[in-house]
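Protein sequences, first through last, are from chains A and B.
The first sequence begins at 3 in the numbering used here and counts up one residue at a time.
The second sequence begins at 846 in the numbering used here and counts up one residue at a time.
Since the hints were derived computationally from the structure, they do not count as laboratory data.
Heads up, none of these hints are tricks.
Below 27 Å or equal to it, Euclidean Cα-Cα: the simulated DSS-like pairs (lysine-lysine) are:
hint : chain 1 : residue 1 : chain 2 : residue 2
1    : A       : K43       : B       : K848
2    : B       : K897      : B       : K848
3    : A       : K43       : B       : K956
Covered by chain A, according to a simulated footprint, are these stretches of chain B (three or more residues, beta-carbon under 8 Å):
hint : segment
4    : 884-891
5    : 945-957
Ideal Cβ placement from N, Cα and C applies to all residues, glycine included.
Listed below, chain by chain, are the residues.
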Amino acid sequence: GAVVSQHPSWVICKSGTSVKIECRSLDFQATTMFWYRQFPKQSLMLMATSNEGSKATYEQGVEKDKFLINHASLTLSTLTVTSAHPEDSSFYICSARDFGETYGYTFGSGTRLTVV
Amino acid sequence: DAKTTQPPSMDCAEGRAANLPCNHSTISGNEYVYWYRQIHSQGPQYIIHGLKNNETNEMASLIITEDRKSSTLILPHATLRDTAVYYCIVRSSNNAGNMLTFGGGTRLMVKP
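Start from the sequences, fold in the hints, and give me the full structure.
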């Protein structure tokens, strides 16, 4: 089945630095990928929709200048958390859909970001 | 996409069937019912989906009521590794760009 690889699985960074998270579709092409954020004991919240070759679409309340999304190829989307602060510490998860599959969306394994 | 309602938590004895309910009373004709689960600190995993007929795969069975206003996910023989949060999601399948919207889900605890 479809596989989405997310890297890194965890990262610790200092406050004020930037962190890049990669999301790759390994055996299919994805014109659209989705980025979610999940705080402890809460559900997944959609942050943005990443579109290959065009600008991402951000959900209300998500700062596009803070969470930079680049979808430069059909298999790679990146999320960069700029000037990270402790309140950005969260579990970030990407998702993509393989249209060769009938079941819907495949998720990456997630990235645990801790800002200290 | 239609909203879903699930109980926040459930317990199940190991080896027994786990029946997880989901209400989606505002579902429309072209919306599918999807089930995903999330084991702690992992990304969600697809389980099963259906439109109106009952479905079964190697992981679970999905029973959808005739009026499609509710459904039940059945794990026939729950194991400790089935402990997870289970999400019932209703969405239209005809839009390639549509994302999945997650509700609160049901935290299933399988006990020895």
